[in-house]
Structure formats: C-alpha cells, structure tokens
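S.K.: Starting from the two chains in their separate frames, assemble the complex, guided by the hints.
So you can see what is in the structure, the chains are spelled out below.
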Amino acid sequence: MPKERNMFKLKDILFAQFGEKVIINIDESENYPFVEVDSKNLLEVCSFLFKDDRCYFDYLSCLTGCDLLSENKIELIYDLVSIGLEQKITLKVILNRDSSEVPSISSIWRTADWHEREIFDLLGVDFINHPDLRRILLPTNWEGYPLRKDYKDAERYHGVKIAY
Amino acid sequence: MKSLLDQNFEKGGVVISKVDDLINWARLSSMWPVSFGLACCAIEMMSAYATSYDMDRFGVTPRSSPRQSDVMLVAGTVTFKMADRIRRLYAQMSEPRYVISMGSCSNTGGPYWQHGYHVVKGVDRIIPVDVYVPGCPPRPEALIGGFLKLQEKIRNESLMAPSAIERINAERTKHV
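Protein sequence lines, in the order shown, are assigned to chains A and B. Be aware that the first sequence starts at 1, since it is given in our numbering, and climbs by one per residue. Be aware that the second sequence starts at 1, since it is given in our numbering, and climbs by one per residue.
This is chain B alone, in the form it adopts within the complex (with noise of 0.2 Å):
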C-alpha cells in the first residue's frame, strides 16, 4: 500500500485528495510526544524512543514543553500528588491533543488498584485517554502498537461537522 503522495504523483496529472485525508495524514505522520515518564514504564517508553525499536521512523520525536506537543504518553503510576500537575500540563497542549494511557498503572491503577492509597487507579479519572496500552511494562513493540492505534484514529477523523447526527438529534429535542 504506497503512501498518499506516492499514489498520486505516480499516475500524473492532477492531485486530488479530500482536505481531511491530507490534514489526517499531516497529524499522524508526525505525533509528538511530550516525554511524561513517571515510573518504570519510562524505561520502556525511553527503549521504544532508542535505536532498535525507533519510534522515529514513524515521525514520533519527543518534547519537553506540553506546549510543543500532540500527544501526551502518560507512562507510570499516577499519583494523587501528580495528578493536579497532569491535569495543568494538559491544560497547556493545545488541539487537537491526543492522551495514550501505557501501562496498568495509569490504564486502571495496575497493582495499587485494592491497597494504594497514594495512586489515581487510573489517569482517565483525571484526562480523556484516547488509546490505553496494556503491559506491566508493555514492550516497546506494544508502545509501538498504540501508536499505530492513534493513527488509525486521527485517520477516521473529520474536519466536517457530522451533519446528519446533528440533524437527528434537532429532531429528537423537538419532540421533548
């Protein structure tokens, strides 16, 4: 399957594409991550950035400012001491932002979940997550893999608003 340019340029003439293809494949070629390590699953995220698994190839660099970046790659336990910090940083990305929730502790609480007093069973009770990877730590190969998932997800986005939804529940309120 070639990539959008290559299809196009190969048959001559004129390009066309939707605007929405274009701008999705803009934003999913070139996600950047602010590096947000927290605990060990840093250690992995930081493998996934190094050289045999390269997340570079896929056009993802990291950035230390939240207001540089895309994506926000919520790796390791969140504490409650954390979480008020997560919520601000967050606040400073600006759209469209995306948040990849890696490992158990900031999917669901990992293995805090029944004693931990301290931990946020989950950093989706503070940010909306788009992808959670799963892992304890997952493997660079898995990191990977959400990646790809949130690509898949900014494909199937769309500029257009989606009118026929919009249309249906104009209907549904009229009637209440």
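Pulled out of the complex, with its shape left as it was, chain A reads as follows (with noise of 0.2 Å):
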C-alpha cells in the first residue's frame, strides 16, 4: 500500500495526540517524507509510537546521524517500522553541532543501542540514559570524530603514521 496515504493517518493521530508544540514540522511534499520532533519530546513521541494500537511500531529499521556543517546542525534519522500494520514513519531530530545531546530510545527498541554506539563514536552525539555509551568502531583512545565534515587526520597514532 502507498505510504502516502499512511503518512497523512500518522500525521492525524499524532497532532490528535501530541498537538501542535511536539510536532514542529511535518514534510510530506518530499520524497522520502518525515516527521520533525525536537530532542526534549523525542522519548515520549517513541513511546507513543511504540505502544499505540494503531501505530505499532515494534521495529527501528535504521539510526543514523548527517553532519551539516553549513547550517551548524547535527541531524539523526530515526526510520520506524510496523511489521504487522505494514507502516513506516521516520523522524528527525536536528541539534546544534556543538552541544548536541538527545535521549536515547534504547529502553524502547533495544536496537538502538548499538547504532547510538555508532553515533557517538563517528560524529560525537551525546545520549542521555545510554546503558553503555562508548566506542563500538573505533580504538577507545582516538581522539576526534570522523564522519564530521571538518574532522583531521592526526599525525600519528600509536607511532604509526596515519595519511598515505
């Protein structure tokens, strides 16, 4: 079935819920349309999300974070899925690139644990509540996030030269 037309039911329950101060900005014009929740509002909005009988989103398909570097913006992508309603909602969450802190939804899907891992190691997002927030990729002693667009290779590490 589309997922347009689940999109618009998603969007009424949500405003019928939550109303106009937890949902900032709804894009359904784009291609890939999503729902746009702040940080402080995130927990509870999942929450929802996951316990509603006519959500039912007991799947976090994917987490991932984009470094905007022109706006000074750090966003996560969060895509939900319902295996058995057949609906996909994704959610943003935008924060300043320079305190960037946002609760972690691990106690919902604990999938997120490790993706969140992955964050905070690559682009340096701090999670609130993580059960265990350190380096999943990286050694425990890099210094620096990479997948920022503004990250520099160091000279060395552990003796060994880092740049080709």
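Calculated directly from the structure, the hints in this document are not laboratory data. Be a bit skeptical, because a hint or two may be false.
Cross-link-like lysine-lysine pairs, in silico, DSS-like; alpha carbons within 30 Å at most [as the list claims (entries may be wrong)]: (1) A:K40 - A:K92; (2) B:K18 - A:K161; (3) B:K153 - A:K161; (4) A:K40 - A:K73; (5) A:K152 - B:K81; (6) A:K161 - A:K92; (7) B:K149 - B:K18; (8) A:K88 - A:K51; (9) A:K149 - B:K81; (10) A:K161 - B:K81.
With beta-carbon atoms standing in for the labels, derived distance ranges [said to hold, decoys possible]: (11) B:W113 - A:N129: 24 to 32 Å; (12) A:V160 - B:D54: 19 to 27 Å; (13) B:I168 - A:K149: 28 to 36 Å; (14) A:C66 - B:P134: 54 to 62 Å; (15) A:P139 - B:S52: 33 to 41 Å.
Cβ atoms here follow ideal geometry from the backbone N, Cα and C, with glycine treated the same way.
M.R.: Written out as structure tokens, the structure reads:
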C-alpha cells in the first residue's frame, strides 16, 4: 500500500495526541517524508509510537546521523517500521553541532543501543541514559569524530603514521 | 628437476649435501602459516587452502596459534584497532619467521588509501614484510605464487655469516 496514505493517517493520530507543540514540522512533499521532533520530546513520541495500537511501530529499522556543517547542525534520522500493520514513519531530530545531546531510545527498541554507540563514535552526539555509551568501531583512545565534515587526521596513532 | 632426496639417493653411495641446503629445504617444504584472515582476502585464502587450489601439497597447513607457525599471512584490511594486536602476535612467533602481505589493503592501504582514517596504509608500517602479493583480492593461484616466491627466498638463505661483507664494513668504519 502506498506510503503517503499511511503518512496522512499517522499525521492525524500524532496531531491528535501531541498537538502543535511537539510536532514541529511534517514535510510530506518530499520523496522521503519525515516528521521532525524536538529532542526533549523524543522519548515521549517514540514511546507513543511503540505502544499505541493504531501505530504499533515494533521495529526500529535504521538510526543514522548526518552532519550539516553549513547550517551548524547535526540531524539524526530514525526509521521506524510496523511489521504487523505494514506502515513506516521517519523521524528526524535536528541538534546543534556544539552541544548535541539527545535522549537514548534504547529503552524502547534495544537495537538502538549499538546504533547510538556508532553515532557517538563517529559524530560525537551524546545520548542521555544510554546503558553503555562508548566507542564501538574505532579504538577507545581515538581522538576526534571522523564523520564530522571538519575532521582532520592526526599525524600518528600509537607511533604509526596515518596518512598515505 | 628432481627433489633433493631423489637426486642424491639415485646415484647411490654417500649423500653429500650442504647443511644450508638441507635446512632450507626442510623449512620451505613445511611453511605453516598462522591463519590471519581479516577481510575479503580471507575468502581467497580459504579457497586456496581448499580442494582445487590445495596448498597442502606445498606443505602449507594453517595453524591457529602464532607460536606454532612460521609464516604470518596477513590477508585483509589492517585497521588501527587491529594493528596493536598484529604487533603482539608477530612478537609471539618464533624465528625464523616470515610475513606475506596478501592483497592491496595490507600492501599499501588498498582502496582506503586516500580517505581511510581507520586503515593502516600497508602492514609494513607495523611488521617487516617478506613477500607482497598484489590483487584485490589476489586469485588463489596468485597466493600460491606468493608462497613459491617465499620458498625462493628461503632457498637462498645461508646459516653462515656474510664474512666478506662484515670484513668490508669493518674496514670502512676503521677509516672513519
């Protein structure tokens, strides 16, 4: 079934539950419609999407981050899928680059645990109430967050030259 | 070209051979690599161990522990996280030990040479390498070729100290 019809239905449900103050912006004209949520309301919205019978989003399909250097922001993209009701929704949380903190949703979907560790490792976003926030891909004493657009390699790591 | 033992025995009589040749022959006919597949090259390495391209006919059989092996076959991308462990495992091998670098990633960083912040641009920045096998990934025949090249290198080794070179170096430093 087409995604757009479900997005409208979900938009009505979300508006009815949370009102204007939580849902800042729903952009449905794009190819990839998303719902923008403020970071302090994220846990409440996710909890509602997980528990409500009309939404039933039991599967966190993807959780990534993107560095927007030109606007000085980092955006996190949450892809949720409801396997039983066959619908999808995408949430976006836009944070300030300098003080990026967002509540962890690993208490709702356990898969967010490692995805959030990867975002912390590569982009430097801090997740509040995360059970085990440490680097996952890079060595523990690596300095810097490589997927930020202004990342520069150090000269050496443990005595081994990094550049080619 | 008959093997060493066949040549001598067929002529009958006494077996005469340099100790160098005998020891080198023994070492090159039973090179035991520590199975160290890191990334995609590991698949080609496994394929070379398996039936069609069999490496066991050269005496090459993989060992799990570096303490029981004499060649380290670095197959795959070497990341900085892994680099510390490679150094430690290389130190655990007993001499004579050799290193074969298999594939572009362990030769010079491979496809990650330009933007790879996490990749060591060549395993020779960490351990000394004897043979480089190019390819991405190298075919099993290429890997077998790498082992044959290492056999050539071992065949030319000598137990005796290079006395002529040592004499020349001593004379050179005397004048300084």
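S.K.: Compare the structure with each hint and give your call.
M.R.: Structure-based check of all given hints:
A hinted pair counts as satisfied when its Cα atoms are at most 30 Å apart, and K40 (chain A) with K92 (chain A) qualifies at roughly 13 Å. The hinted pair formed by K18 (chain B) and K161 (chain A) fails the criterion: a straight-line CA distance of about 44 Å is larger than 30 Å. This hinted pair checks out: K153 (chain B) and K161 (chain A) have alpha carbons roughly 29 Å apart, not beyond 30 Å. The suggested pairing of K40 (chain A) with K73 (chain A) holds, with an alpha-carbon distance near 16 Å, which does not exceed 30 Å.
Taking the CA atoms of K152 (chain A) and K81 (chain B), the gap is about 18 Å. The hint holds against a cut of 30 Å. A hinted pair counts as satisfied when its Cα atoms are at most 30 Å apart, and K161 (chain A) with K92 (chain A) does not qualify at roughly 38 Å. With a C-alpha separation of about 22 Å, the suggested pairing of K149 (chain B) with K18 (chain B) holds against the 30 Å cut-off. The hinted pair formed by K88 (chain A) and K51 (chain A) meets the criterion: a straight-line CA distance of about 15 Å does not exceed 30 Å.
Between the alpha carbons of K149 (chain A) and K81 (chain B) the distance comes to roughly 22 Å, so the proposed pair stays at or under 30 Å and holds. At most 30 Å may separate the alpha-carbon atoms for a hinted pair to count; K161 (chain A) and K81 (chain B) meet this at roughly 14 Å. Hint check: W113 (chain B) to N129 (chain A), Cβ distance near 40 Å, so the stated range 24 to 32 Å is violated. Here the CB-CB span from V160 (chain A) to D54 (chain B) is close to 36 Å, at odds with the stated 19 to 27 Å.
Look at I168 (chain B) against K149 (chain A): about 57 Å separates their beta carbons, and that is not inside 28 to 36 Å. The hint said 54 to 62 Å for the Cβ distance between C66 (chain A) and P134 (chain B), and at roughly 37 Å that hint is violated. Distance hint for P139 (chain A) and S52 (chain B): a CB-CB separation of about 39 Å, consistent with the stated range 33 to 41 Å.
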